[in-house]
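Visitor: Note that the protein sequences, when read in sequence, are chains R and F. Each residue of the first sequence is one higher than the one before, starting from 447 at the first, in the working numbering. Each residue of the second sequence is one higher than the one before, starting from 3 at the first, in the working numbering.
The set of hints was computed from the structure by calculation and includes no laboratory data. Please note: incorrect hints may appear among the correct ones.
[As the list claims (entries may be wrong)] Below, simulated DSS-like cross-link-like pairs (lysine-lysine); rule was C-alpha separation at most 27 Å, straight line: (1) R:K470 <-> R:K743; (2) R:K578 <-> R:K512; (3) R:K459 <-> R:K750; (4) R:K578 <-> F:K54; (5) R:K580 <-> F:K124; (6) F:K54 <-> R:K586; (7) F:K54 <-> R:K595.
[As the list claims (entries may be wrong)] Selected chain F positions facing chain R (in silico; Cβ < 8 Å): (8) Y55; (9) A213; (10) G231; (11) P235.
The beta-carbon is built from N, C-alpha and C at its ideal position, and this holds for glycine as well.
These are the residues of each chain, in order.
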Amino acid sequence: MSDEVILQVKDLKTYFTVDEGVVKAVDGVSFDLRRGETLGIVGESGSGKSVTNLSVINLIPTPPGKIAGGQVLFHGKDIFAMSSGEIREIRGNKISMIFQDPMTSLNPFLRISTQMVETIVLHQGLSSEEAKKKAIEMLKLAGIPAPEKRIDQYPHQFSGGMRQRVMIAMALSCNPEILIADEPTSALDVTIQAQILELMQELTHRLGTAVILITHSLGVVAGMCDTICVMYAGRIVERGRTEAIFETPRHPYTMGLIRSVPRLDQEAKGRLYSIPGQPPNVIDLPDCCPFYPRCEKAMDICKKKYPPVVSFDNDQSASCWLYTKEARNV
Amino acid sequence: MSRYIIRRFLSLIPTIFIIITLSFFLIRFAPGGPFSSEKNVPEQVLQNLMRKYHMDEPLLKQYLEYMGDVLHGDLGPSFRYRDSTVNELIGQSLPNSMLLGTIALVLATLAGIAVGIVSALKQNHWQDYTVMSIAVIGISVPLFVVGPILQLVFAMRLHVLPLSGWITGREGFKALIMPALTLSFPYFAYIARLSRASLLEILRSDYVRTARAKGLAERTVITKHVLKGGLLPVVSYLGPAFSGIITGSIVIEQVFAIPGVGRIFVQSALNRDYTLIMGEVIVYSLILVLMNFVVDIVYGFLDPRIAYN
C-alpha cells in the first residue's frame, strides 16, 4: 500500500425517490482509497454500503436513484462530470466489481469465454484469440481446474464457488486499479467463503489492486482489510485502521457489532449478544443520531442533532456525542 | 440431442390418440345428432340414413372402424355436406387459413417484438405509454370492430384495397392485407406486452448489471445480454399462437368473406357433423402438438440450461 490516493469519495449523497418519500440511501459519505489498500465497508443490510459503491462507478439505476451531491474523484477526475464513454473506459478496466450472488451475476445464456473475452477485447484491444488465452490464464490463476475446457462451458455448469472464482478472474482480467467486491462471499457456504477471500487477497496483492470490500461480517474484514469504515443509515459512523477498530472501538454501534461476533477463545456465557431493535427507515430521517433508539449510551443531545466527527489517535474517528465537549458538560 | 428429439416425438403419438378417443366419445354423448334438425323425416328414412353412416352399429365398433379409417388418412364423409368428404372440405379451406394466419403472425411477431423492445428501453416515457395504450386497445377491441373500421377507411373511402373476398387475379394479394392486419392486431398487442415485461425483468437482472459494470456500451448490453433471455417467453408463446392463428377465425372469415376453415369448424359443431368435427379436432391437435414440439426443441437451442438427458 502506498500513500498515493487513487480514489476520493467526497460527501457523496445518493437518494432514491419512492412513493413514500425520498430514501437517503447514502447521505454524505467520504473516504479515500490508496493504491494497493484494502478498505472494508461494514454495516447492516440497508446501511448504504452497496449503493455507495454502485455510485462510485455511476451505476445507480436512474430513476428512481439519483446522485444528489458530492464527488467521486478517480485520480483527481470527477466521475460524475465524465461522459458516459469516459466512464465506460473506467468500468471493468480501471475499476471493476464483483457481486454478491455468483449464481445470478453471470449471464446464463452465454459461455464463460464469451463473457470474459468481451471485456478483455473491449479494454485491452486484444484479438479474440489473444483475449481467450488471457482469459484462460486468469481462470487458472483463480484456481479453476482445466480452464481450457471449462472456459467454453456455460455458467450453470459451475458451482457457486467456482462461479465466484470466474467473476474474480473476469474482474481482474484487465488489471484494474480498484476491485470493488460487494459481499463476495455472503451467498457461499462457509468453507468456500474462506477460499474465495484467500484467493481475492492473494490475487489483488500480486497485482497490486486496491480493494473495497463490502460486507456485513466483521470476521471477513478483520482478516483482509487495512482500514475499515462502519456505515449506519447511509453515513460512515466510524473509521480507522483495522487493529484500532477492533482494539478500541469508539462508536457504540461498532462496539455492539464486535460484541455480537461469536468468540471461540472465550467461554460462552449465556446467549450471544445482539444489538436490540432494527435499523431505522431512511425515509425522511430527522436530524438526530439515527442510532440513538438502539444505543445503550444515548443522551438527550443524541435525539436533537447529528453528532460531529471526533478524531482520535491513530487516524481513528467516530461520529458520536460521547466524545464531545457537549456530552462532558451535561 | 437427437435421441431426445426422437423420444419427445414418439411421446406425441399417445397424446394425439387420447385426444381423438376423448373427442369421439364426448361428441356422441352431447345431445342431438347430425340428423336431428331435419324436418319431418319419416322413421324409415332416418333409419336408412343411420345405416348408411353406420350409426346403427354399437359405439365401440363405430369407434374402431373410425380409428382404422383415420390411420389410413381417411377422415370419412361429411354428414351434412353430402357431396364432400371431410378430407376435401378441410383440404380446400385449411391452406387459405394457414396462408392468412402465417402472414398475420409474422407481422405480429416482428412488430410486437420491436415495439416491446422500444417500450422496455423507454419505460415510463411517452414512447412506452403510447405503444402500450395501442396494445391495450389491440387486446380489448374485438376483431369485428377493427375489421369493419379498416374496410370503411381503406375500401369505402380511399378505395385502395378490395372490400372483401379472396385472392383472384394479378393483384389478388391485396385482398390479404386487411384481413392479415386485423387478425394480427391482438397477437401483436400480446407479443408487445409479453416482450416488454420480460425484457424489463432482464434489464433489472444481476447479470445485466455485471455487463454494465464491465464497461460495455448500452447497445452491446442490450443486443448481447438482454435480448436472448428477454425474448424466450415470446418463443414459447409462438407455438400455441401459431396453431391458433392458422386454424382460422370465424370472425375474420365472415367480415372479409374468406373461404377458411374457421367457419367450417363452427358450423360443423352446430350441425353435429360428427366426422367433420372429428377431422378438425384431429387436424387442430396435430398442429398444436407439433408446434409445441417445435418450440421445445427451439427452446433447447436458445437456453443452454436445458439439458437433454
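Visitor: Against each hint, give a clear statement of whether it holds in the structure.
Guide: Hint check results:
1. R:K470 <-> R:K743: holds, 25 Å
2. R:K578 <-> R:K512: violated, 37 Å
3. R:K459 <-> R:K750: This hinted pair holds, its Cα atoms lying about 22 Å apart.
4. R:K578 <-> F:K54: Roughly 75 Å separates the two Cα atoms, so the pair is violated.
5. R:K580 <-> F:K124: violated, 37 Å
6. F:K54 <-> R:K586: Not satisfied, since the Cα-Cα distance of roughly 80 Å exceeds 27 Å.
7. F:K54 <-> R:K595: Violated: F:K54 and R:K595 sit about 70 Å apart, past 27 Å.
8. Y55: Nearest chain R Cβ about 55 Å off; hint violated.
9. A213: At 7 Å from the nearest chain R Cβ, F:A213 passes the 8 Å test, so the hint holds.
10. G231: holds, 5 Å
11. P235: This interface hint is violated because 14 Å lies over the 8 Å limit.
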